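Trainee: Spelled out, the chains give:
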Amino acid sequence: MEIALSSTDAAFQQEVRDFIRAELPGDIKSKVERGQTLEKDDYVRWQKILFKRGWIAPSWPLEHGGTDWTPLQRHLFEEELAAASTPRIMPFGLAMVAPVIMAFGDAAQKAHYLPRILGSEDWWCQGYSEPGAGSDLASLTTKAVAEGEDYIVSGTKTWTTLAQYADMIFCLVRTSAEGKPQEGITFLLIDMTSPGVTVRPIRTLDGGVEINDVFLDDVRVPQANRIGEENKGWTYAKFLLSHERTGIAAIGRSKKELSQLKSIAAAEAAGNASLAEDGRFTDKMADLEIDILALESLVLRIVADETAGRGPGAEASILKIKGTEIQQRLSELALEAIGYYANPYIAEARQAGWNEAPIGPDHATNVAPHYFNWRKASIYGGTNEIQKNIIAKMVLGL
Amino acid sequence: MEIALSSTDAAFQQEVRDFIRAELPGDIKSKVERGQTLEKDDYVRWQKILFKRGWIAPSWPLEHGGTDWTPLQRHLFEEELAAASTPRIMPFGLAMVAPVIMAFGDAAQKAHYLPRILGSEDWWCQGYSEPGAGSDLASLTTKAVAEGEDYIVSGTKTWTTLAQYADMIFCLVRTSAEGKPQEGITFLLIDMTSPGVTVRPIRTLDGGVEINDVFLDDVRVPQANRIGEENKGWTYAKFLLSHERTGIAAIGRSKKELSQLKSIAAAEAAGNASLAEDGRFTDKMADLEIDILALESLVLRIVADETAGRGPGAEASILKIKGTEIQQRLSELALEAIGYYANPYIAEARQAGWNEAPIGPDHATNVAPHYFNWRKASIYGGTNEIQKNIIAKMVLGL
Amino acid sequence: MNFSLSDEQILFQESVDSFVAKEYSLDARRALAAGEDGFSRAHWARFAELGWLGLGLDEAHGGLGGSALDTAVLMEAFGRGLVAEPYLASIVMGGGLVEAAASGAQKSALLPALAAGELMLAFAYAEPRGRYDLAHVATRAEKSSAGAYLLNGHKSVVFHGASADSIIVSARTSGDTGDKNGIGLFLLDRAAPGLTLRPYPTVDGLRAAEVMLEDAQAEPMGEEGGAHGAIEAVIDHATIAVCAEAVGIMRTLIEMTRAYVDSRKQFGRAIGKFQVVQHALVDMYMAHELSKSLTYRAAAALGTVATATATAAATSAAKVQIGKAGKLIGEQAVQLHGGMGMTDEFAVGHYFKRLAMIETLFGNTDHHRRRFAEL
Amino acid sequence: MNFSLSDEQILFQESVDSFVAKEYSLDARRALAAGEDGFSRAHWARFAELGWLGLGLDEAHGGLGGSALDTAVLMEAFGRGLVAEPYLASIVMGGGLVEAAASGAQKSALLPALAAGELMLAFAYAEPRGRYDLAHVATRAEKSSAGAYLLNGHKSVVFHGASADSIIVSARTSGDTGDKNGIGLFLLDRAAPGLTLRPYPTVDGLRAAEVMLEDAQAEPMGEEGGAHGAIEAVIDHATIAVCAEAVGIMRTLIEMTRAYVDSRKQFGRAIGKFQVVQHALVDMYMAHELSKSLTYRAAAALGTVATATATAAATSAAKVQIGKAGKLIGEQAVQLHGGMGMTDEFAVGHYFKRLAMIETLFGNTDHHRRRFAEL
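Chains as they are written, first to last, in this note's numbering: chain A, 193 to 590; chain B, 193 to 590; chain C, 87 to 461; chain D, 87 to 461.
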């Protein structure tokens, strides 16, 4: 066991750090730091910068444009991105549909989609959840009926993150009602500009519009856009879920938010001292910092196992649960720190270009919306309850 | 809503208080205060004192030797007993089997058993749990086969509190394997001196021997000792469970233990001050004190409902869960308070007559055993998980 | 001793409940929030007619002389529908301060108008660096030649400040920021020169404002420099009022969640059939029962318990209980609603946000736990 | 950076695991606890043969020069069987102090004997009013004419004090109780006049003693008055060692509970099929994984990380994690065993008790959280 970085890895880390410092556009950095809403162009611009450097898809195979980095290097890379206020790399294309296309797509699909994903030419979104089927995907009802060379797809997808930016959606649709619910599902790639596709933004309780309903109304989709075999979509979906682990613990981001929390506490008054000198509050921050250290240690153990060729089991579920607990707790403590100034709500303050004087201290501006928004963390991607069911079954065999 | 006592009730409270002060034997009081093990005689002596005063069974009907107190007065009485370091009144006869005999026993049973219970002439224990049937009583297997005027009973009861002192045991036994599991159960009263009854003490993890296995080996029990009808025992057992509520929240005891905890904290050093001046520790005590206040308020609301003739619903389950959480938390904080002196274990220190100098401060002597012993609180009488199932079903209708 | 509501209180609550059920659909509330004041002046007039505005005010000045428990009963019902009107700011705080501190003439001028819905008040007590310390008053009041006072300072997050006709301001005539002595109360006309308001909506759909004072001329209310005790007592009363509001919110959240888990199916059955969901709801249910019991008790203690210390302890205990229960119930209600709970369309998120903001009012859980421990 | 154990460490742990599995049945441990020492001298000799006693000691003095992580690997395996031998007291603390503070001559005399199992040490550092403050040393050491020191004071809860051949005592030659300066270490023969031991069993089946010193003559170890840093470093190492022991205990508790809920039937099915039970076990499982990861990391940090502050922070972080996880896992393991968990016959209670006592050693969760926050 070696807790320091090797000189190779330290040099790698420094290279990443230097690159980000030189290349991350200042306007984007500022938005991320101030908790403002990023525009489509912000994400795409940054992803294209990483693409140019060859770093947009570290976990992809080298021949498709990935890297030959070790698991540790991939981890370091993700941590540096998070620590440096970069936009999140959108996972829907790069981390979700791309591995499925690589594993199960045909030659034409690979040739067409993979380079476009790599170059951020298409923005993808995910058509899994439905109004009646959240964590229980197998009960989905969006229907696809073969007609000639096409399918005619009808149904509603919901909870679709940033569908308003998307060029493409990958969908699970029902092509058969026979057998078990899982057995009649097919995996389709749908062009968002197809007639019959309508996106309706869903306002969330923090006031943001990040998620959407996607209505599919007799949408004609070429069968050529089907991944693999008809009625085998469940297999591909499960494969995708097993690939969703990367960066899920979000240690880098949590560390960064912890340091922001410490700054807030130092700036907030508590009697004659600051909140950062109040034992009750520092106790809570210490607990959180220790939770982060513990989770980071676990991530590094998993990285070491991967390096040694021991594949991940249900670790993704632990990382999801603990990572989101930490992120939610960070948002709670920030809310607690700012006292009465949690109350003011300036919708425009989340938009870039807002230049008014903040109400109360600047650090308080988007704290409450962030707290509210972040309740999603224990719900999306399979609720934390579902994650515990998975661990109970997969690891504990209960 | 009136939060002060009426003058009548205040006078009643004072009368109880005075009586206890005058009549509680000093040796018994000392044992209770020092957390020492009480002997059979200690319990019986005190119960006979209450019997003589007419206060041994406040909730019994007046004609059987009870009182005409209001629900509030019964509550005040229980609180005074708990606050004054009196031995717990053993519930097995007075609060558990007696209401069943009153409701479902025949005239001979009533005439024989009730006066003996009232006068603490018989010590009762409860034969419900079995090695394979804990919270799931309906799966019990102890068998009773009719033979002439008797039953022949065979099986094992376990987790039987203070069976070693008992003259009588009330048992659920299986008289039929037909129908649902609940349908073949019969309620029997068994003389502990019957041939074939063997008691084996079970040492618990705190080192005490409060619970027992009771082996029933072809024990001959007169059918005259059957309560009500054969195969209807489940009805009587459920009736009994609904009577088990009295004093379950144990507010009086918890308040007393909280004040002991505060004394311990004041006596324990923490740097140059005492633990009672340490904000982290006082926060925990404050949380606990608020929990006690909240639970007491709920109890008083329930008492008021009872007075108004609104019967209890699943409140017993809430009181059980919250009461035991508080009791366990009290024992945890005491353990935390005493630091290294949690470690020494002097078995004899729990026995009366132990007169050696304590190891460490006197207040530390039985703290760890109490903490260990009190883990039982969330297990016995239906685990807290079972209580939540009951609330989910009975109150929330889930 | 009797821990029941009276029959009158139960009837009263039922009548408020039915008003709220009728008038406070989520859409109606959304419409109010989008309006100028953020609430309905028509509703306010109706409150006056129904006697709700004068409920807790002195009978000698047009009130009904109700108890703190009566106010709690009303606030609990308000919580069930997230009532947006400034009852807390104008009646509980504003009216309470007038009763506690004002002169006879001021009372005669203000209280009947308040009860009749013709006057709205707000209370400016918090300051940017003061956190929850009511004695953290940096705002200064200096006696002008005219006998009035000139106020200078910055009061923060003044609820419903922009819709108030007058704002009561805590300001200091002597001593240093943090001293309990030297704090007075001043009645400031909203149109007074030197008063600048910066109004804004709050995250829970209400309104508040920053209040900037530059030689703003105000009328003194009560004894110079001796208002701290009255402020503390009124804030304790306001604290119990929001605790009661929270109790109503919790009950609504539990009912909504209960209904949702019964209707929502996953993996072939209602999610309410999953034991983990059931136990989560049981925890919510128990937390609500305890919160309600302790809040009622604290409300009953206000005014009937002898010492200020006992009142403060009862208040702080209730706020701690509400804080912990509110977090549990609010977060779990959203969690059990899954994605639906995250949307603005569903009511659950709105109730959750109000609960979360109640935690920030008048001292959070940590503040009141410490106050309780130190009393 | 590599957060795996080495192949050697994995093999080593497997070998200790199989020793423990073979020798430490609950009955065997019960027999040891009833004996005079509370442990087996035969096992101790075997530990010496296997090289375990010298594992972490200096190679120059008969040790193997292993790292703190090696010791942690051993202690984790010990925890799996609740090994009762005084490895912590004699080797980790006793040996650690000799290495950190003793003179060359003392090292030559003591370390080989320790590694060979011919010498047992104990460490008397705690005092009745000291709680977890290592600088709370009221015990005095005065230089006698003969060049030795005379000790006076009361050291509390000295683990395995009665079976030690010599006891290392922290005592003060200057300064006041609480000062970091002025504390020295002294080697005290167990037969020294003026030393009175009051031995007793501990609630978790081990042994300890109160140590009363009245002009007890002892040999100084290391620099006069300058031992605080060495003591702190050794106690940090001992802290990591009990964290590792706790990690082993947690794993055993989870395995036992996992097996129990699978076999125990209630309401017609294994209780492991109830979702609430499953989630409880998942929480235990996650807590254990995190505890193990952080403990390994802290152990690896000892000796390799540059500053004492970093070492202290890593240690305190691990102890906090272990404290919280230990409480969760210990209490839940008993709870999920139901009545069985409460009995002395079942192993689960014994593991639970040891976990609960580890919380009391070297500073509890609160102590280490504060230390972490203040570093």
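These aren't lab readings, by the way, just hints derived from the structure by calculation.
Bear in mind that the values here come from a model prediction, so they are computed numbers and not experimental data.
In this text, a Cβ means the ideal position worked out from N, Cα and C, and glycines have one as well.
Check each hint, because a few of them may be wrong.
[Claimed, not checked] Restraint-style ranges between C-beta atoms, simulated for each label pair:
(1) C:Ala128 with A:Pro323: 30 to 38 Å
(2) C:Leu283 with A:Glu225: 26 to 34 Å
(3) B:Ser451 with C:Glu341: 34 to 42 Å
(4) D:Glu100 with A:Gly501: 58 to 66 Å
(5) D:Asp275 with B:Gly545: 31 to 39 Å
(6) A:Pro323 with C:Asn238: 37 to 45 Å
(7) D:Leu150 with A:Thr499: 22 to 30 Å
(8) D:Glu100 with C:Arg355: 43 to 51 Å
(9) C:Arg355 with A:Asn464: 53 to 61 Å
[Claimed, not checked] Below 25 Å or equal to it, Euclidean Cα-Cα: the simulated DSS-like pairs (lysine-lysine) are:
(10) D:Lys359 with B:Lys372
(11) D:Lys359 with C:Lys351
(12) A:Lys372 with D:Lys359
(13) B:Lys335 with D:Lys351
(14) D:Lys413 with B:Lys585
(15) D:Lys229 with A:Lys585
(16) B:Lys585 with C:Lys351
(17) C:Lys359 with A:Lys372
(18) A:Lys240 with A:Lys302
(19) D:Lys410 with B:Lys430
(20) A:Lys430 with D:Lys359
(21) C:Lys410 with D:Lys410
(22) B:Lys454 with D:Lys410
(23) A:Lys585 with C:Lys359
(24) C:Lys359 with D:Lys351
(25) B:Lys424 with B:Lys335
(26) C:Lys359 with B:Lys585
(27) B:Lys454 with C:Lys410
(28) D:Lys410 with A:Lys454
(29) D:Lys410 with B:Lys372
(30) C:Lys413 with D:Lys413
(31) C:Lys351 with A:Lys585
(32) C:Lys351 with A:Lys372
(33) C:Lys413 with A:Lys454
(34) D:Lys413 with B:Lys454
(35) C:Lys351 with A:Lys430
(36) D:Lys413 with C:Lys410
(37) B:Lys372 with C:Lys410
(38) C:Lys413 with D:Lys410
Trainee: If a hint holds in the structure, say so; if it doesn't, say that too.
Mentor: Now the hints, each set against the structure:
no., hint, verdict
1, C:Ala128 with A:Pro323: 30 to 38 Å, "37 Å, holds"
2, C:Leu283 with A:Glu225: 26 to 34 Å, "30 Å, holds"
3, B:Ser451 with C:Glu341: 34 to 42 Å, "39 Å, holds"
4, D:Glu100 with A:Gly501: 58 to 66 Å, "20 Å, violated"
5, D:Asp275 with B:Gly545: 31 to 39 Å, "37 Å, holds"
6, A:Pro323 with C:Asn238: 37 to 45 Å, "56 Å, violated"
7, D:Leu150 with A:Thr499: 22 to 30 Å, "28 Å, holds"
8, D:Glu100 with C:Arg355: 43 to 51 Å, "45 Å, holds"
9, C:Arg355 with A:Asn464: 53 to 61 Å, "57 Å, holds"
10, D:Lys359 with B:Lys372, "22 Å, holds"
11, D:Lys359 with C:Lys351, "20 Å, holds"
12, A:Lys372 with D:Lys359, "23 Å, holds"
13, B:Lys335 with D:Lys351, "19 Å, holds"
14, D:Lys413 with B:Lys585, "30 Å, violated"
15, D:Lys229 with A:Lys585, "66 Å, violated"
16, B:Lys585 with C:Lys351, "18 Å, holds"
17, C:Lys359 with A:Lys372, "22 Å, holds"
18, A:Lys240 with A:Lys302, "20 Å, holds"
19, D:Lys410 with B:Lys430, "39 Å, violated"
20, A:Lys430 with D:Lys359, "24 Å, holds"
21, C:Lys410 with D:Lys410, "20 Å, holds"
22, B:Lys454 with D:Lys410, "23 Å, holds"
23, A:Lys585 with C:Lys359, "19 Å, holds"
24, C:Lys359 with D:Lys351, "20 Å, holds"
25, B:Lys424 with B:Lys335, "15 Å, holds"
26, C:Lys359 with B:Lys585, "10 Å, holds"
27, B:Lys454 with C:Lys410, "23 Å, holds"
28, D:Lys410 with A:Lys454, "23 Å, holds"
29, D:Lys410 with B:Lys372, "44 Å, violated"
30, C:Lys413 with D:Lys413, "23 Å, holds"
31, C:Lys351 with A:Lys585, "21 Å, holds"
32, C:Lys351 with A:Lys372, "17 Å, holds"
33, C:Lys413 with A:Lys454, "23 Å, holds"
34, D:Lys413 with B:Lys454, "23 Å, holds"
35, C:Lys351 with A:Lys430, "21 Å, holds"
36, D:Lys413 with C:Lys410, "21 Å, holds"
37, B:Lys372 with C:Lys410, "43 Å, violated"
38, C:Lys413 with D:Lys410, "21 Å, holds"
Hint violations for this structure: numbers 4, 6, 14, 15, 19, 29, 37, all remaining hints satisfied.
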